[in-house]
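J.: Sequence:
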Amino acid sequence: MLFRVRIMKIPCYKGLSWLGILALSVNCAVAALTTTSSFTAISGGVFVNGAGYSLLQPYNSGPLTITPSFNFGSGTFSGYTPPGVPGEPGDGNGFLASFRAPSPNGDLTLDFSTPVAAFGATFIHLDATTLRRWGLHLPGTIRAYDGPNGTGNLLGSVNSSGWFASSLGYNFDFVGVMSASQNIQSVVIGGSVEPKGFGLDGYAYSLTPVPEPMTASIICLGLTSVICLKRRHRR
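Numbering-wise, my numbering comes out as the position in the sequence shown, counting from 1, plus 93.
Worth double-checking, as some hints may not be accurate.
Stated by the list, open to error - Derived Cβ-Cβ restraints for the label pairs, each shown as a range:
#, residue 1, residue 2, range
1, S147, R226, 33 to 43 angstroms
2, R225, G155, 36 to 46 angstroms
3, P304, R226, 24 to 34 angstroms
4, A125, A258, 26 to 36 angstroms
5, G199, N246, 29 to 39 angstroms
6, N246, T158, 16 to 26 angstroms
7, S260, S131, 19 to 29 angstroms
8, P304, A221, 23 to 33 angstroms
9, A258, S206, 11 to 21 angstroms
10, T223, Y146, 29 to 39 angstroms
11, P304, G168, 25 to 35 angstroms
12, S154, N246, 19 to 29 angstroms
By construction, these hints were calculated from the structure, which means they are not laboratory data.
Predicted model, so just to flag it, every value in this text is computed and none were measured.
For each residue, glycine too, the CB sits at the ideal point set by N, CA and C.
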């Protein structure tokens with residue numbers, strides 16, 4: 094977030110000389126995103142859960158349509174038990190993409206017909222020998238843009254934790270990004286090392302912005318009040 098400071102002269106009240114007051118203006122053309130590792134932290138979050146290739150079908154809900162890039166990844170996975178906690182939703186029946194395969198592979202892009210204020214996904218990390226070769230034990234990555242199809246400004250990104258030494262040989266991990274405005278037009282989901290893969294068990298979105306702190310406005314108002322009171326006391 095960029096800050097621009099300019100000096101303005103305004104009178105406190107009649108009879109006093111002009112005062113130099115700081116006026117703070119905020120350029121929000123590129124708003125910074127915050128990250129989260131909990132679905133419940135996303136206000137108004139909606140989780141989209143689908144089995145296998147259904148995650149690559151267009152999703153429609155009210156004013157929002159989510160259009161995947163249809164990158165025709167390598168298949169589906171099932172038989173894994175998700176943690177079953179609100180922070181990492183999913184049913185363990187998701188989609189594996191970006192494998193080394195003859196079919197088209199690469200990142201999965203989701204376009205939003207209406208910009209969203211938050212987006213997250215539940216990754217599954219698998220440590221079987223074959224899947225490790227494809228990189229499914231590595232962290233997955235979400236990158237958010239203010240333009241369609243992964244274009245425009247990169248607003249922010251977040252990585253999942255990757256596989257850790259669990260007795261199950263797999264683990265689920267929800268991560269997301271949140272904004273103070275509806276400025277996320279598209280997201281790109283991929284493996285952290287290309288052309289490695291990733292496991293996606295579902296994704297979440299929200300149209301509810303994260304409120305920005307009013308610290309700058311409060312400070313500006315406080316400085317103005319203090320200066321005016323001090324001048325008045327001297328008079």
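J.: May I ask you to test the hint 11 to 21 angstroms on the CB atoms belonging to A258 and S206?
T.: With a Cβ separation near 42 angstroms, A258 and S206 fall outside 11 to 21 angstroms, so the hint is violated.
J.: State, for the Cβ atoms of S147 and R226, whether the hinted interval 33 to 43 angstroms holds or is violated.
T.: Since the Cβ atoms of S147 and R226 sit about 27 angstroms apart, the hinted range of 33 to 43 angstroms is violated.
J.: Cβ-Cβ distance between G199 and N246: within 29 to 39 angstroms?
T.: Since the Cβ atoms of G199 and N246 sit about 21 angstroms apart, the hinted range of 29 to 39 angstroms is violated.
J.: Between the beta carbons of P304 and G168, is the distance compatible with 25 to 35 angstroms?
T.: violated, 41 angstroms
J.: Quick check on a hinted range of 19 to 29 angstroms for S260 and S131, using CB atoms only.
T.: This hint holds: roughly 24 angstroms between Cβ atoms.
J.: Hint says 19 to 29 angstroms; check whether the CB-CB distance for S154 and N246 agrees.
T.: holds, 26 angstroms
J.: Given a hinted range of 26 to 36 angstroms, is it respected by the beta-carbon distance of A125 and A258?
T.: The hinted range 26 to 36 angstroms holds for A125 and A258, with Cβ atoms some 34 angstroms apart.
J.: Is the gap between the beta carbons of T223 and Y146 within 29 to 39 angstroms?
T.: At 20 angstroms between Cβs, range violated.
J.: Can the suggested window of 23 to 33 angstroms be confirmed for the beta-carbon pair P304 and A221?
T.: violated, 43 angstroms
J.: At the C-beta level, are P304 and R226 separated by a distance inside 24 to 34 angstroms?
T.: For P304 and R226 the Cβ distance comes to about 45 angstroms; the hint is violated.
J.: If I claimed the Cβ atoms of N246 and T158 lie 16 to 26 angstroms apart, would that claim hold in this structure?
T.: holds, 22 angstroms
J.: Take the C-beta atom of R225 and the C-beta atom of G155, compute their distance, and say whether it sits inside 36 to 46 angstroms.
T.: holds, 41 angstroms
When the structure is compared with the earlier hints, violations turn up for hints 1, 3, 5, 8, 9, 10, 11 and for no others.
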